Each structure stands twice: as structure tokens, then as C-alpha cells.
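What follows is the residue order along each chain.
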Amino acid sequence: MSVRTLPLLFLNLGGEMLYILDQRLRAQNIPGDKARKVLNDIIMTMFNRKFMEELFKPQELYSKKALRTIYDRLAHASIMRLNQASMDKLYDLMTMAFKYQVLLCPRPKDVLLVTFNHLDAIKGFIQDSPTILHQVDETFRQLTEVYGAISAGEFQLIRQTLLLFFQDLHIRVSIFLKDRVQNSNGRFVLPVSGPVPWGTEVPGLIRIRKPSDHPCLETVPRCHTLYFRMFNSKGEEVKKIEFKHGGNYVTAHKEGSFELYGDRVLKLGTNMYSVSRPVETHMSGASKNLASRTQESIAPNPLAKEELNFLARLMGGMEIKKPSGPEPGFRLNLFTTDEEEEHAALSRPEELSYEVINIQATQDQQQNEELARIMGELQITEQPRQSTTKGDDLLAMMDEL
Amino acid sequence: MVAADSEGPKDPGIRMFRRERSIPLQGSAAALCNNLSVLQLPARNLTLFGVVHGPSAQVLSAAPDGVPLAQRQLHVKEGAGVSAPHITQVHWCVLPFRVLLVLTSHRGIQMYESDGSIMVYWHALDSGDAPSGTWSGRVLVFDIPAKGPNIVLSEELAGHQTPITDIATEPAQGQDGVADMVTADDSGSLCVWRSGPEFTLLTRIPGFGVPCSSVQLWQGIVAAGYGNGQVHLYEATTGTLNIQINAHARAICALNLAPEVGKLLSAAEDTFVHIWKLSRSPQNGCIEVEHCHSECVSDTQVCGAQFCDPSGSSFAVTGYDLTEILRFGSV
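Note that the protein sequences, when read in sequence, are chains R and P.
Just so we're aligned, residue 1 is where the first sequence starts under UniProt numbering, counting upward by one.
Just so we're aligned, residue 1 is where the second sequence starts under UniProt numbering, counting upward by one.
Extracted from the complex, chain P is given alone in its bound form (with noise of 0.2 angstroms):
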């Protein structure tokens, strides 16, 4: 099966997406990969956006056509320290039963209710080490309660050997051998882990001299994205590379998925965010992708693009000193 290009449509009338309204922000993003968190709910008719500005995050709801509703700042969290701490990521974490808002920062981890209301859970890094040593590449694992802040460390993986980027997560399928996890890191490398009791390393994939920012995991298949603008497809089971996409000009920064349809986004510096389509041959089962949409987000260095629904009909886009978060939806 040809993965078949879709050419750019010549009349504009026939867009797949047009902007929609943006939302204020009241500090300008940073410069961070992956910047821009979005939580769908859609119980609630809400959709809820975090973004890092640096010292501190804004966790902020808005409405379906993106009127802003409540907003809240943190920041990180007072400690022993020689200079003023940045927050490097703003994340929420969708469990089976709750749903936590992380945030990171050199002096630790803090975590709190996915409303940004209450910090139920601190763990600081080590304070003597070296910024150098905070970035160990360790992989800490948390057992998370059903409700409470009896939050518990309960593994680090040893997988990699330089500062972990991103980290993408699939529901476990239930079957021997299917992927759960990947973790990336600055050098490129990649790990693919499989959850149980304790997390087993499946596959390791190496780097090539070139951080990988941003990482997805969907159906078996690791979707990554790398400094040099290259998104790679990989099988996640053996770690072979089916495919390697020249997406991007400059440095990949977000990548993200609507899982319902296995839409990928990718979204990098040179101003450009694109949607591709991912999918598996019925025939044989080979990855295809194929390239849907692009947008050219002008003079704006993106460092955060998130899709806003399951289908991937609408996503929202940060830029580095942009005081609001763009966003886009099906015509």
C-alpha cells in the first residue's frame, strides 16, 4: 500500500482547518519542548491548557469555542537552593481512576489535583547533586492511590544515560510483549518498556547524536521526534525503524496524538506544525503514515502543540514569548 501524498489544497476554501479564537495568556511561553499540556473534558464541557512561562505555569479551563473560564498560577515550590528554579514541564497525568497535574522542576517533582488546587505530593531531587546529576536519566515510577496523597516512589529504571525528555504511554493491552512505555532522552536513545508489577525494558533504540524531544506511542507503533526536524516511526516490540520522515526544518519540539483515529502531530521550531495519519496495513501489517495538513504558524517558534479531542478535529499551539495559545479546528 502506497502511503499516498495529500497535496496541499490550491483554494483556501477548501482548508482543513482555519484559526479559531486564541486564548490570552498572562505570561508568554518559554522555550521549552513540548510547553503546552491540554486535559479534554468533555463530561464537563470543558477543555483545561497548562503552559510553562518559566519561574512559574499557568493551568488554565475554557469552553468549547475557547472562551477562557478560571486560570491559576504556580510556581515551584520553596526550598534550598542557589538560584531562582525554573519549571521546566507542566503535564496532566490521566490515571484509570484520577487525574494528577505534574509539575517538574530541577528542585523536584510536585504534583497536585488536576485542578492546580492542592499539591498532594513533593518529591524533591537531590540537592547536592550538580544540575548534571538531577538529570541522571533516571526513570522514577510513582504508585498513585486512588484518591490521597499517599503518593509512593516505588521503582527508578535505569535505561538512560543522559537527561529523559519525554515520556509517552499507551494502555496496556494485555498481551505478552506489547509495548506500555517509552522514554527518551537527550542523546536520541529511546526505551521501550512493558508495565507489570515491575517495568521491563523490551527494546532499547538507539540514538544518533541528536536529542529526541518528543516522543508517542500508539498501537505498537513509537512515533519520535528529534532535534534534526526528523520524525522516525518505529516497531515498538523490535525497535526496527519502518519509517523516517524529513517533517521538519528545525528542532522538533511537540509531538502529540489523537489515539481514536491514530493521527499524529508534529509541531517544531521552524514555525510549522503537521498532521500526519498513522496506520497499519491490513495486508501485512507494515506502519504507513501519511501526511494530511500543514500549518505555517507565522514568525513564531512553536515549543507546544496538543491536539484538544480524541479525533483529532481540533488542536491549540504555543510559541516562545506568545501571550496566548492558538487554536485551530475542522472546517
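Bound conformation, chain R alone (with noise of 0.2 angstroms):
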């Protein structure tokens, strides 16, 4: 599959994630300074030069799991700690909508669209720190330059490679239900009505051409058929038949713009949640298809080792300052109330744990010790390869999760 696909999975679902942050964030009544010096230290951690580097490298996306350890990491880059229940319906959330953004993108290609409606609210998000700013837009420099000069092929590619990494995931959104953009079976709707993808002509017109030594016999055409002539400047007569399409499409009227500013037109990507609203989710219990996906997790991993060096890898680029001075951290719930929360973890079910890497549930002891030795080699400042206790911070998370 394609090997281009992790920076657009991690900045999307990086974006969707400082959305509900953001939502939750101003739910809960935390302190504006506080609030935004959360968004801030997160997206200073994501758009990290040498993370970005890291993420940028052509490699083809891994586990679920590993993902969500990166996110893990994110989300405590800052003075907010979030629960393992909370955490779970965070990456929920993010994961559903992103999905649903890339099975409604009109075009394989408009998934740059997306990822750069995600850029702009972001840079919303930071508007007064020019530091961070640079960084993003850098970001959509280097993007610009990997993706603009990719074919037509290759979106496609990742947009199936994308699909591959979302698939069987069916939780069901109470935003998405209440827009009525997914079914309760946890499908999403795909709409039979609007305008084309730009590049796509509107279904149902059948063009014929003919070579104009070719003699044509006209026949009378039946009552319910369209038709009319035209020549062309080679001579060959074209001829239109309609045909019924069975959908209610319309000429799409304007391209999304790819340029650092400009108006994207796609709405997929923006911030559903700037209408305060309370998110919750229903995990869509026995399902056949969780059944399958607890097989393929439950099996030994083979890829394991390379996942580690893959999160060490990257983690190792996310330079995370330690808390100075005495900064006060908070918990963050996504959930209405703390029993809500504390109901969730217990009733969560098993199918649907995202089963973060975690050093207590590794039983090969040689694992450990491998995991321990590539932990240690993490950086923390700008010179590289430092022994450094960000190590330790990092085992220690991921024993409390």
C-alpha cells in the first residue's frame, strides 16, 4: 500500500483531536490561559521539526495501536492528564471522523483538502505565537511539495491505504447520528445527490462518435429518448443520448484551493464541534466484525519490534519540556460527569481496548528489555542521542495506562 499515507493519518487525526480538546477544554470551564497553553504545548509537539521529519520519511503505516501510543503521548505533552477512558473516546472520536472525512472526499485528492482545513483551524488555534505559526506553515510547505507532485494513481492509493487502517471500525458518533450522516448500524451515508467531484463530468450522458466516412442510418428515435446532433471541427459526427442515472447530481462550480491561504470549499476537515455540544459515544456492542478484528489482535505480532522502533522512532523527534516551575496540571474528562467516565472504563467492551503498548502486558521478557534499550536512546534536547530520564517518563506512562 502507499507509503506516503502517515503524515496525512497523523495531521488529520492531530487536528481532530485538538478539536474535541478544544470543545472539552471550554465544557469543563477550564481557564482560558490554561486552555490555550494546553492547545499550544500539543501543537508544538506535533509540529516539531524533527518529528515532522520522522513522519514524513516514505514508510507504511502501522498498527492501530501504535498509533494510538503517539497520540497518548500528545495529549500528555502538556499540564492536562486525561483518564484511559477518556482517552479511549478521544481516539474514538478522532478515528470516526476522520474516516468519515476520507469516505465522503469527493476526490481521492481532496484529502489534502481536508488535512488543510485541519491546518487553517489550527492556526487559528495559535494565533498569537509566531513561533508555532512558522512551524505549521512549514508543515504545509513540506506538504505541498510531497503531495502536489503526486498522480491521480497515487491518491487513490492512499486514500485505499487510509480505508485499510479504518476498516470495520462502526462506533457510532452522537454529532454524526444527530446530522444524520450515519445510519444507527454505525454506517456512514453516502449521499446520492450534490455536486460532482471537480474533474467529473454529472452521470448520464452517453457521447458517441463517429468516423465521418462511416455512413450513419438514423432510425426514428423512441419517445422517451434524447437526442441531438453536433459537429465537431474534425467532421465526425457526435452524437448525445441521455440515460437515467438513478442520482440527483449537480456540475460542481468551484476547485478547492491548494495554496497556503485560499478557500478550500470542502467542508471536510472543519471544526464540527464549535457549536458547543456534548459528544458522547455508543460502543456498538456484538458485532461480527469485532469478532474478526479481536482475532488479528490477539495473534502474536510479528511486527512487533519494528512497531517499537517505529514509536521510538518518532517519539524520539517529540521533544516534550518537563513541567517547569509550578504549574498546577488538571484532569481533563470527556465524559459529562466522573461516574459517566468511571462507567465507561468498566463497561467498555473487551473487542473495542485499544490495548496501548504496555510493558506489564508484554509477556517475552527479552521484549522488555529490547523495549527498555530503545526507550533509553530517546533524546530530550536538541543534541542527539543523550541519555536522558524522558525514557523513564515515557516507561512510567505506560504503566499507568
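Hints in this document: simulated from the structure, not taken from any laboratory.
No false leads were mixed into what you were given.
Keeping only pairs whose Cα atoms sit at most 20 angstroms apart, straight-line, the calculated EDC-like set for lysine to aspartate or glutamate is:
hint, chain 1, residue 1, chain 2, residue 2
1, R, K239, P, E235
2, R, K210, P, E235
3, R, K267, R, E255
4, R, K210, R, E236
5, P, K277, R, E242
6, R, K99, P, D299
7, R, K240, P, E235
8, R, K244, P, E290
9, R, K210, P, E290
10, R, K239, P, E290
11, R, K178, P, D299
12, R, K65, R, E306
13, R, K240, P, E290
Listed next, the stretches of chain P that the computed footprint assigns to chain R, with coverage defined by at least 3 CB atoms under 8 angstroms from CB atoms of chain R:
hint, stretch
14, 19-33
15, 201-214
16, 224-230
17, 238-251
Predicted model only: the values in this text are computed from it and were never measured.
Just so you know, even glycine gets a beta-carbon here, dropped at the ideal spot from N, CA and C.
Two chains, two separate frames, one set of hints: put the complex together.
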């Protein structure tokens, strides 16, 4: 599958995460300066140059487990803490939102516009921080450089790779259900009306070309057939016939902008939480789809080591500053009450557990040592390859999960 | 001769097709193109279906009424490689003396006996290649003996610069210049080949910046489905574009033919499956097309569709995330 998928996956999921955190920070009445600090710290960590360098290297996508570990770390890049249940819910919402956006993209290339929508909104969160703004613009430039040159066929492959990542996820999201973009069985609604993708013609027309030296016998058209003749400049006779397509499409009137600033036209990837609404998830329980996924996650994973290496590389570039000074941390709750959060933790279906990579869960002692070694090599500052307490932080954090 | 519009009947009582019993799948279908292969075995009263889930593919058999009988899961052969390989296509190749089941992935090509029970051949793609190197656009031609595993790579055809998306063949008519094979690629280019002791390139049809995901060949007519939802019909020997159909609102994922009657099926990510009738004008031999039927598979991004019998009176559909094969039969 495509080795150019990870930056798009990471940035869009990250964007959704920020939308949700922003909404919850407000819903929980966290003081403005604290909320801004949290978002700033996370965005600064996300767009760190070294981290972006690792991200943009051509590579296959890793498992949801591995990716979830990165977001765990990212969400804890500041003074905010999340319990496991809230982190699970956050990740559920992020993944279902981006799955929806990928599925509904008119053209495969439009996933880039979705990414730009997220970046535009992220810049809105950090308006007062020129340094971070510059980092985000840098990433924008990198995206344009990498994805500006790739073909429609490669974008189709990226789309397929993303859909493979999201396959069998059917968590019902209350906002999607209310807006009727998701059915009660967790499947998204695919409308058969509206504008066609840019570069596609409205279905329903058959164009017949006949070379001018071919004698054409006409028959009386049937009463419900529309046809008219046109002659093009080559003297080829061209006929047009209409057929009933079944959908209700119209022409697209504008293409979204791929520039640093511009009207993206596409609404996918913009903040759907800006009107403050409580967001709940429903775990869609017993389902055949989940059974097949459970099998995959239980089977011994021969890639565990590759994934650990991947995590080490990526998080190694993730320069997370230890909280300086007496800044008090706080806990964010993705649920309306603490009781709800506790209940969610207890009642989360086994098959939907993300099983964040956890030292204690690893049975192989050798793997334990390998992970400890890798974590020990993580960087904390610009100087490369310093042994670090950051590795201990990471281990400690993972043990808590 | 004017290609007539067949208006969808307003009275549902005279619909051409109706939903029939679905066949459950163990794993959902992956969002790949041409993600359904069907092997019709009328002599044994069976139909075989093949669907790619991701790291595995499922091959199953069903009775004529759709009752599933047996199933098997196939995986990519173990080997050196960084990440878990995904299967890219499962497809039955019907040859004069035998039928082979072919499984492709970035690691290589695996060939099995038609029921998937025994792997008879494995062709590794260069593991040293960067992933794009393995999709170099080469068409590999294998000599298949009537029995046994003595399969040999006999030719590599160069004609494409971008990854191959689909290959279509038609039994050789025996005349000079009559096309036998069409190959399509990611850039939308098509190559038309004539078979023989070696394959000869007859003509090349340029793309227009949009991938061609699926291609079919019938009586000298090339039917090609593209990422912009269009179906093009070309004269195979000359490569001339004869008919351009604005068939779908999203990328086409599959085309299939019922060769006995010249019915063409097109399926796309816009949730629609359309059935067309191809023909040649008896007066001047011009290619003609008629729209016969449209089927909306609600809220389903279709990824595979195939006729289940040579007269095109039934077809099956797979969709991304769907854990069943949908079946439609003529009323």
C-alpha cells in the first residue's frame, strides 16, 4: 500500500483531537490561559521539526495500537491529564471523524484539502504564537512539496490505504447520528446527490463519435430518448444520448484552493464542534466485524519489534518539555461526569480495547529489555543521542495506562 | 442506429433485477478495485467467490440459491519484508485445460488450484525494490502446463510506466490483428496486445491523467472504467475512442462482461451498479451501447461486482466494510 499515507493520517487525526480537546476544555470551564497553554503545547509538539522529519519519511502505516500510543503521548504533552476511558473516547471520536472525511472526499486528492482545513483551524488556535505559526506553515510547505507532485493514481492508493486502516470501525458518534450522516448501525450515509467531484461530469450522458466516413443510418428515436447531433471541427459526427442514472447530481462550480491561504470549498475537516455540544459515543457491541478484528489483535504480532522501533523514532523527535515551575496540572474528562467516565471504563467492550503498548502486558522478557533499551535512547534536547530521563517518563507513563 | 435510452421503469413491479440471498463473509471487503472474483461452475451447480479482506482473502463456494457451502482463507506467503503484506487481488484465471486461482500482493504472485487448496507456484517480486519499484508496470506472462506446478515465467512485457491496475483477455479469434489482451495502468493508459509465441503490442491508448481501474475486452471492443466515473469504449485494433459514457459520479471500481450477450456491468464508489448492452451495428459495424439497468446499493462504497452467469441474468456485489456478498437476480 502507499508509503506516503502517514503524514496525512497523523495530521488529520491530530487536528480532530485538537477540535475535541478545545470543546471539552470549554465545556469543563478550564480557565482560558490554561486551555490556551494546553493547546499551544500540544501543537508545538505535533509540529516539531524533527518529529515532522520522521513522519514524512516514506513508510508503511503501523497498527492502530502504535498510532494510539503517539496520541497518548501527545495529549499528555502539557499540564493536562486524561484517564484511560477519556483517552479511549477521544481516540474513538478522532478516528471515526477522519474515517468519515476520507470516505466522503469527492476525489482522492481532496484528502489534501481536508488536511489543509485542519491546518487552517490549527493556525487559528495559535494566532498569538509566531514561532509555532511558522512551524505549521513549514509543514504546509512540506505537504505541498510532497503531495503536489503525486498522481491521481497514487492519491487513489493513499485513499485505499487509509480506508484499510479504518476498516471495520463502526462506532456510533452522537453528533453524526444527529446530523444524519451516520446510520444507527454505525455505517456512514453516502449521498447520491449534490455536486460531483471537480473533474467529473454529471452522470447520465453517452457521447457517440462516428468517423465521418462511416455512413450512419438513423432510425426514429423512441419517444423517451433525447438525442441531438453535433458536428465537431474534425467533421466527426457526435451524438449525445441521455440515460437515467438514478442519482441527483449537479456540476461542481469551484475547485478548492491548495495554496497556503485560500477557499478550500470542501467543508470536510472543518471544526464540527465549534458549537458547543456534548459529544457521546455509543459502543456498538456484539458485531461480526469486531470478532474478526479481535482475532487479529490476539494473534502474536511479528511486527511488535518494528512497531517499537517506529515509536521510538517518532517519539524521539517529540521534544516534550517537562513542566517547569509550579504550574498545576488538571484532569480533562471527555464525559459529562466522573461517574460516567468510570462507568465507561468498566463497560468498554473487550474487543474495542486499544491495548496501548504496555510493558506489563508484554510477556516476553526479551521484548521488555528491548523496549527499555530503545526508550533509553530517546532524545530530550537538540543534542542527539543523550541518555535521558525521558525514557523513564515514557515507561512510567505506559505503566500507568 | 440510435442507442436507445431504457428509462428505468417507474413501476417497481417490472424491475429487471431484485435482491437475492446474501452470502456472509468472514471478513469485510477491503476498499480495493476489482475486489470480487467469480468462478462459474454450472456443471457442478456451484459458484465460487473470492474477496480480499486485507491481509487475508476468502474463497468460498455457494449453491445456485446462494447458500454457502465451503470456505477457505488464504494469506500472503511468509517471507522477508518489513510490514504485514496485504493482498491486492484474488482472481480466477480460466485457461483451456485448467483453472488457477491467483493471489497477488506486493511480495509476489501466488497461484493455487482453483479451490485454493494447494499452492502450485510462487513468484516473488523483487524484495529489494522500493514499493514503487515492484509496480514498475511490467506485465508478467507465465506458461502454465495442463497439470502440475511446472509454471514458468516466459515473458515480461514492457508497455506501461506506471502500476498495472487490470488485465482483460478474450479467446483468440484466430485472425491476424484481432486483439487478445488489454492491460491498463494507474495513469489511465491502455495497451492492446495480440497473443502468439510472444505477445505483440497492437496499439497504445493514452491516458488523460486519471487512473483506469478496470478493463474488459469483447469482440474487438475495449471497455475501460476510469477514476472520474467515465466508461470509454474503444475499437481494439485501432485504439479509436468510439463512445464516452458519463456513467458514475465517483471512481469506477469494477467492470465485468457477460460474453454470451455482450452485457457490460460497471460499478463505482458512488454506490451504483449499471448494466449496459454492447453491440455492433449490423449496417456499419459501429460500436453501440444501450443502458439497461441501474442499481443503487445504499450507503455502500462498492469495490467489486461480477456477473454470476454468462448470460448476465445475475450479478454479485461487494462493498467496503461490508461482511457479505450481495446478490441480484433477474425477475
